[in-house]
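Sequences listed follow chains A and B, in order. Residue 136 in our numbering sits at position 136 of the first sequence, with consecutive numbering throughout. All you need for our numbering is the position in the second sequence, starting with 1, plus 1000.
In case anyone wonders, no lab produced these hints; they're calculated from the structure. Note that the Cβ used here is the ideal one computed from N, Cα and C, for glycine as well. Heads up, some of the hints might be wrong.
Okay, the calculated bits of chain B under chain A, using three or more residues with CB under 8 Å as the criterion [to be verified]:
#1 1022-1029
#2 1229-1238
#3 1263-1270
The calculated lysine to any residue pairs, modelled on SDA-like cross-linking and capped at a C-alpha distance of 25 Å, are [unchecked claim]:
#4 A:Lys39 with B:Ser1019
#5 A:Lys160 with B:Leu1132
#6 A:Lys160 with B:Arg1142
#7 B:Lys1095 with B:Asp1006
#8 A:Lys160 with A:Ser180
#9 A:Lys160 with B:Tyr1258
#10 B:Lys1095 with B:Gly1083
#11 A:Lys39 with A:Pro99
#12 A:Lys160 with B:Asp1208
#13 A:Lys39 with B:Gly1020
#14 A:Lys160 with A:Ala215
#15 A:Lys160 with B:Gln1253
#16 A:Lys160 with B:Met1210
#17 A:Lys160 with B:Gly1141
#18 A:Lys121 with A:Phe135
#19 A:Lys160 with A:Asp196
#20 A:Lys160 with B:Gln1206
#21 A:Lys160 with B:Leu1152
#22 A:Lys160 with B:Glu1140
#23 A:Lys160 with B:Gly1241
#24 A:Lys160 with B:Pro1240
#25 B:Lys1095 with B:Arg1146
#26 A:Lys160 with B:Arg1213
#27 A:Lys160 with B:Ala1143
#28 A:Lys160 with B:Gly1257
#29 A:Lys39 with A:Val25
#30 B:Lys1095 with B:Ser1019
#31 A:Lys121 with A:Ala110
#32 B:Lys1095 with B:Leu1132
#33 A:Lys39 with B:Gly1141
#34 A:Lys160 with B:Gly1083
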Amino acid sequence: MSVRFLPAGDLAVLVEFDEEISVEVNTRVRALEFLIQQKGLTGVVETVPTFRSLLVYYDPRAVGYDAVCASITELLPQAGTAVLPPSRLVELPCCYDDPALGFELQAAAARLGISTAELVKLHSGAEYLVYFIGFTPGLPYMTGMPERLTIPRLETPRTKTPAGSVGIGGTQCCVYSVESPGGFWVLGRTPLRLYDPESPEPVLLRPGDRVSFRAIDRGEYDTIAARVAARAYAPVIT
Amino acid sequence: MIGILDPGPQTTVQDLGRSGQLRYGVPPSGPVDRLAFVLANRLVGNPDGAAALEGTLLGPRFEVDAPCAVAVTGAETPVTINGRETPAWTTLTLKPGDVVKLGPARSGVRSYVAFSGGLDVPPVMGSRSTYLRGRLGGLEGRALRREDRLRLFAVPPPRPWRVAPRAVPAYGGEPTIRIVLGPQADRFTRAGIGALLGGAYAMLPQSDRMGARLSGERVTHARGHDIISDGIALGSIQIPGDGLPIVLLVDRQTTGGYTKVATVCSFDIGRVGQVRPGQSLRFRAVTVDEAHRLLYLADAALETGLREEIA
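Build the full structure now, drawing on both the sequences and the hints.
In structure tokens:
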């Protein structure tokens, strides 16, 4: 596997692995990040993992470009699954069966040529992996959606998608962490907050987490939402 | 306490920003013009990272109810205390009831007002900086409003000094901004890179703390404008399909899927943020090694040759 070091200004270097999106490549990215944190590499300030690259911020007053690249290179041979700690499994309760929350469930099922029950079963039966968190606070980029649910994105993107909306588009599943425009088919909504600026820990998910969806009815959605609002709900994390 | 009488178009609380949160999708925030911000704090005897105000184009106007020192830096703006004009880039001593007003900026965009002791707002994710889009930090995660009140940490009065007039940055004209090509410079045509380095680019009015949008000759792609999403560094120059550069600033999205032709050097980011809509700038490429040498020089300049004691 070839790795390229690309300068990103005077404070950062982009460590780029293969040009593909896969669990294998992303695992190497996260393993490299973990090793950098573990070893406390001199001068490294902060890291940003994505699908197939790691952006490494460094302090040029403490370490030069060549030196930081050399110390990262030394870690590359170990950067694989074996070094990563066990990942967390985070359960996201999701209400699919209320059209006010999962406003495109029926349309998506029709488009895919399956029943809504089958769509919910397929979507909530899968386990997803968080490749990374990015773009907006707490937004997970995930893989693991059943192939049968591959669907073109909406032709006309919605201008506002409520936070917590669980959507599918292309081969991806996404949970909107803040209200934003969106081109995904919204199947349901989780009462949990992936980003809550008022919480002591504002962001729920982390890179490398596994995620599962548990189908709940509207009654349970409202109960959990009320407990979340009262800060009396602990997400199920194993 | 500080009482906001008029916040102007956008005044926020900032410190030097949050670190370590990019991997959770949370940008650093903090001042767009770090140099001016740090000098404002030093003028009132604060550590560089004390929380202060960042104003935009006009204002704020505020009243203090206890003795304190303030300093105004950044955009060139008329500063008055109780209606009487007073200099910027110097330590100003206030008494209870004094009203300070920053008028419309004549050059530059962002002004900074630091208070002795620093603003006492609760840190969120390790910082007092406001991230407006994320409703995070500062005062309730939002820009200041009329009648907002802010507490200061109590400190003894600082020793007054001023920034030497020759060291006060000039924000007018057509600045040359140093950039390092990459990480995706290879995704552009030779003509595209030539355009970026050859022509002047004008600041567009829709620029904000997230990004500075520029207009000028198009930077043409060699093969498509989309990449597999990756991390966006401070100062990344992103080129979407229309070929027009966007320089990403302190409130930037943390990752993105547009090609990035180059990255503005950290010591010139603040200068980009002070270019007014309609004003233009030029880019000049330097190597990483040159950028580091220039950074050390900028650091040294901040430590020496700026300070003038006031008798």
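Now the hints, each set against the structure:
{"no.": "1", "hint": "1022-1029", "in the structure": "holds (count 5)"}
{"no.": "2", "hint": "1229-1238", "in the structure": "holds (count 8)"}
{"no.": "3", "hint": "1263-1270", "in the structure": "holds (count 5)"}
{"no.": "4", "hint": "A:Lys39 with B:Ser1019", "in the structure": "19 Å, holds"}
{"no.": "5", "hint": "A:Lys160 with B:Leu1132", "in the structure": "18 Å, holds"}
{"no.": "6", "hint": "A:Lys160 with B:Arg1142", "in the structure": "20 Å, holds"}
{"no.": "7", "hint": "B:Lys1095 with B:Asp1006", "in the structure": "19 Å, holds"}
{"no.": "8", "hint": "A:Lys160 with A:Ser180", "in the structure": "5 Å, holds"}
{"no.": "9", "hint": "A:Lys160 with B:Tyr1258", "in the structure": "22 Å, holds"}
{"no.": "10", "hint": "B:Lys1095 with B:Gly1083", "in the structure": "14 Å, holds"}
{"no.": "11", "hint": "A:Lys39 with A:Pro99", "in the structure": "50 Å, violated"}
{"no.": "12", "hint": "A:Lys160 with B:Asp1208", "in the structure": "21 Å, holds"}
{"no.": "13", "hint": "A:Lys39 with B:Gly1020", "in the structure": "16 Å, holds"}
{"no.": "14", "hint": "A:Lys160 with A:Ala215", "in the structure": "24 Å, holds"}
{"no.": "15", "hint": "A:Lys160 with B:Gln1253", "in the structure": "18 Å, holds"}
{"no.": "16", "hint": "A:Lys160 with B:Met1210", "in the structure": "20 Å, holds"}
{"no.": "17", "hint": "A:Lys160 with B:Gly1141", "in the structure": "21 Å, holds"}
{"no.": "18", "hint": "A:Lys121 with A:Phe135", "in the structure": "29 Å, violated"}
{"no.": "19", "hint": "A:Lys160 with A:Asp196", "in the structure": "18 Å, holds"}
{"no.": "20", "hint": "A:Lys160 with B:Gln1206", "in the structure": "21 Å, holds"}
{"no.": "21", "hint": "A:Lys160 with B:Leu1152", "in the structure": "39 Å, violated"}
{"no.": "22", "hint": "A:Lys160 with B:Glu1140", "in the structure": "23 Å, holds"}
{"no.": "23", "hint": "A:Lys160 with B:Gly1241", "in the structure": "24 Å, holds"}
{"no.": "24", "hint": "A:Lys160 with B:Pro1240", "in the structure": "23 Å, holds"}
{"no.": "25", "hint": "B:Lys1095 with B:Arg1146", "in the structure": "21 Å, holds"}
{"no.": "26", "hint": "A:Lys160 with B:Arg1213", "in the structure": "24 Å, holds"}
{"no.": "27", "hint": "A:Lys160 with B:Ala1143", "in the structure": "22 Å, holds"}
{"no.": "28", "hint": "A:Lys160 with B:Gly1257", "in the structure": "21 Å, holds"}
{"no.": "29", "hint": "A:Lys39 with A:Val25", "in the structure": "21 Å, holds"}
{"no.": "30", "hint": "B:Lys1095 with B:Ser1019", "in the structure": "36 Å, violated"}
{"no.": "31", "hint": "A:Lys121 with A:Ala110", "in the structure": "15 Å, holds"}
{"no.": "32", "hint": "B:Lys1095 with B:Leu1132", "in the structure": "32 Å, violated"}
{"no.": "33", "hint": "A:Lys39 with B:Gly1141", "in the structure": "35 Å, violated"}
{"no.": "34", "hint": "A:Lys160 with B:Gly1083", "in the structure": "45 Å, violated"}
Checked against the numbered hints given earlier, the structure breaks hints 11, 18, 21, 30, 32, 33 and 34 and satisfies all the rest.
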